[in-house]
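Chains as they are written, first to last, in the numbering used here: chain A, 33 to 368; chain B, 33 to 368.
Do not rely on the hints blindly, as some may be mistaken.
Identical copies look the same in the list; a pair holds intra-copy or inter-copy alike.
Said to hold, decoys possible - Okay, derived cross-link-like pairs now, DSSO-like style, lysine-lysine, Cα gap no bigger than 27 Å in a straight line:
1) K282 - K215
2) K128 - K215
3) K215 - K267
4) K300 - K333
5) K267 - K52
6) K300 - K215
The set of hints was computed from the structure by calculation and includes no laboratory data.
So the chains spell out like this:
There are 2 protein chains.
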Amino acid sequence: MKLATLNDGTRDGRLVVVSKDLTRCCAAGYIAPTMQAALDNWARVAPELEVLARDVEHEAVPCERFHERQAHSPLPRAYQWADGSAYINHVELVRKARDAEVPDSFYHDPLMYQGGSDGFLSPRSPIPLVDPAWGCDMEGEIAIIIDDVPMGVSAEDAAGHIKLIMLVNDVSLRGLIPGELAKGFGFFQSKPASAFSPVAVTPDELGDAWNGSLIHLPLMVDYNGAPFGRANAGKDATFTMAQLVAHAAKTRNLSAGSIIGSGTVSNKGADGGPGQPVAEGGLGYSCIAEIRMIETIRDGKPSTPFMSAGDTVKVEMRDADNHSIFGAIEQEVVAA
Amino acid sequence: MKLATLNDGTRDGRLVVVSKDLTRCCAAGYIAPTMQAALDNWARVAPELEVLARDVEHEAVPCERFHERQAHSPLPRAYQWADGSAYINHVELVRKARDAEVPDSFYHDPLMYQGGSDGFLSPRSPIPLVDPAWGCDMEGEIAIIIDDVPMGVSAEDAAGHIKLIMLVNDVSLRGLIPGELAKGFGFFQSKPASAFSPVAVTPDELGDAWNGSLIHLPLMVDYNGAPFGRANAGKDATFTMAQLVAHAAKTRNLSAGSIIGSGTVSNKGADGGPGQPVAEGGLGYSCIAEIRMIETIRDGKPSTPFMSAGDTVKVEMRDADNHSIFGAIEQEVVAA
Numbered sequence: 033m034k035l036a037t038l039n040d041g042t043r044d045g046r047l048v049v050v051s052k053d054l055t056r057c058c059a060a061g062y063i064a065p066t067m068q069a070a071l072d073n074w075a076r077v078a079p080e081l082e083v084l085a086r087d088v089e090h091e092a093v094p095c096e097r098f099h100e101r102q103a104h105s106p107l108p109r110a111y112q113w114a115d116g117s118a119y120i121n122h123v124e125l126v127r128k129a130r131d132a133e134v135p136d137s138f139y140h141d142p143l144m145y146q147g148g149s150d151g152f153l154s155p156r157s158p159i160p161l162v163d164p165a166w167g168c169d170m171e172g173e174i175a176i177i178i179d180d181v182p183m184g185v186s187a188e189d190a191a192g193h194i195k196l197i198m199l200v201n202d203v204s205l206r207g208l209i210p211g212e213l214a215k216g217f218g219f220f221q222s223k224p225a226s227a228f229s230p231v232a233v234t235p236d237e238l239g240d241a242w243n244g245s246l247i248h249l250p251l252m253v254d255y256n257g258a259p260f261g262r263a264n265a266g267k268d269a270t271f272t273m274a275q276l277v278a279h280a281a282k283t284r285n286l287s288a289g290s291i292i293g294s295g296t297v298s299n300k301g302a303d304g305g306p307g308q309p310v311a312e313g314g315l316g317y318s319c320i321a322e323i324r325m326i327e328t329i330r331d332g333k334p335s336t337p338f339m340s341a342g343d344t345v346k347v348e349m350r351d352a353d354n355h356s357i358f359g360a361i362e363q364e365v366v367a368a
Numbered sequence: 033m034k035l036a037t038l039n040d041g042t043r044d045g046r047l048v049v050v051s052k053d054l055t056r057c058c059a060a061g062y063i064a065p066t067m068q069a070a071l072d073n074w075a076r077v078a079p080e081l082e083v084l085a086r087d088v089e090h091e092a093v094p095c096e097r098f099h100e101r102q103a104h105s106p107l108p109r110a111y112q113w114a115d116g117s118a119y120i121n122h123v124e125l126v127r128k129a130r131d132a133e134v135p136d137s138f139y140h141d142p143l144m145y146q147g148g149s150d151g152f153l154s155p156r157s158p159i160p161l162v163d164p165a166w167g168c169d170m171e172g173e174i175a176i177i178i179d180d181v182p183m184g185v186s187a188e189d190a191a192g193h194i195k196l197i198m199l200v201n202d203v204s205l206r207g208l209i210p211g212e213l214a215k216g217f218g219f220f221q222s223k224p225a226s227a228f229s230p231v232a233v234t235p236d237e238l239g240d241a242w243n244g245s246l247i248h249l250p251l252m253v254d255y256n257g258a259p260f261g262r263a264n265a266g267k268d269a270t271f272t273m274a275q276l277v278a279h280a281a282k283t284r285n286l287s288a289g290s291i292i293g294s295g296t297v298s299n300k301g302a303d304g305g306p307g308q309p310v311a312e313g314g315l316g317y318s319c320i321a322e323i324r325m326i327e328t329i330r331d332g333k334p335s336t337p338f339m340s341a342g343d344t345v346k347v348e349m350r351d352a353d354n355h356s357i358f359g360a361i362e363q364e365v366v367a368a
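Next up, chain A with everything else stripped away, as it sits in the complex (with noise of 0.2 Å):
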């Protein structure tokens, strides 16, 4: 099923159930009044929804024309939110630029940082940019949304913790990320609020594509209205989404409402290098930073400048048959 929270004002919005095709939604309200109370009571409430969710698709029950655009993020507010970095290939790209290493332990010790999760912002709202000196950029990925999971759960049980799905779009501050990571205690000013697909869908939404606790088709990312990175979420990753639950959780119990990320996706070139932008026939980045490596190794400098007013980002995943799966994210960027 589709579920998506539709902003009514309140801080957590409303949970609706939304039909495959993204037109039309029904209020799931006698059911469970927010996104957060559904993942409280997953065990009782999905039943439930998937129940409406036939409903909807049926047209059994009257529904309303669901617009993306009043569609908060699945979780306006979260009391988890977990990114880690499944794309190695990403990482290795970015350390490139910033001129930092990457560790051996990289390659088998997830990395992770605990983002804010207080307030993200909807998927279609600007990115506030105080200063263009702090380096805006958007970063395309996964996420994913558990209910309760115990204190050193095993991957291959963390897998079934897995109940909803979305997109993000986790805003960073290029900027601001060296100086505060050599403080040592990770991102905070560096990671603003992120934005999350206007759709959260249940793993079986997505067929075979969902795989090994990956999907299994291309992230589509468009820069200023071109398309800027088509990279498979189901290749190139050194972990899966439940390997990255269980690292989160091996020393606490994770809350239902979690939200785990994957990190940026990003894919190898075919050659096994650092791949090609999309307008040079590769499958691009889901980053800025990214590109700008790509320029570094190849002019010397890089030309793409991060985010600025006016810049928009675009982030979407298709099915087989071209359909939207999420909804978009749709950003501008705007001076605050």
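Based on the hints, put chain B in the right spot on chain A.
Structure of chain B alone, referenced to chain A:
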């Protein structure tokens, strides 16, 4: 006023107003069902809670007996837990202990990490520890809860957003920290669930002791039943709580119910040095890592082990009349 969340088996517990002497409480559910609900609407709700608090004080409403052991952390789960390092003496000692330098920037740019907030321990919950080699440590700290804070808030304005104050035992797994920080993304597995004091209080409850957004009282940390730390939270603070809030809000809005921590409370010695243990007439330490560093300086190696099953910690703060302000965090490490 003083507020608490009673553990009623639900994820968020139920909100009560507690008498100043911590002996009685009254259900506040008709005003706001949970602490988060109160914070979500603080401007409207706080005056109603204040009226109830006066009635509780005057025994003008039916009260129940308040038992600290029935209290959950005031926010059993929160949308944000961001922990700073206001007390540079702690940072200096802990960095020395792991052979890491203190950058100059730490003295003017607050150190802060994004902590996990999806589930906190109750103030009397055991601390589950899988492996003693993880180096379990307590950290006695001050924490504040804010209402909605806009991006870019000044430290002056941030002070007014501090609505509630608590104590916290920020559990740390010292054995996992060096490896995790070396990866560059900050703490994750090395910071399992923390526990907060049974009661959260409004700043006015502290009277003159709340000055410059710091509490000018000793933080009483007992370890295995003996005084271990008596550092004054108003002394040797490089940053105020308001400055930490402003730091957190530099690049994003902060949502109501976000918790900001002070970092481990730590005083320098009378001679400007790292201070003495309580048993030797000093103010002691609010975590084990500090005393281990003192031992290393003095004896060439640490002699106090980190916590293992059976070890207990108590964190409390008393007013000028020796009355407990927040109730006590009392936790025992148990094998998990």
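The hints, checked one at a time:
1. K282 - K215: Cα proximity of K282 and K215: in one copy and across copies (25 Å, 16 Å).
2. K128 - K215: both (19 Å within a copy, 15 Å between copies)
3. K215 - K267: between (33 Å within a copy, 24 Å between copies)
4. K300 - K333: Classified as within: same-chain Cα gap 21 Å, cross-chain 48 Å, threshold 27 Å.
5. K267 - K52: This pair counts as within: shortest intra-copy Cα distance 25 Å, inter-copy 60 Å.
6. K300 - K215: Intra 31 Å, inter 22 Å, cutoff 27 Å: inter-copy only.
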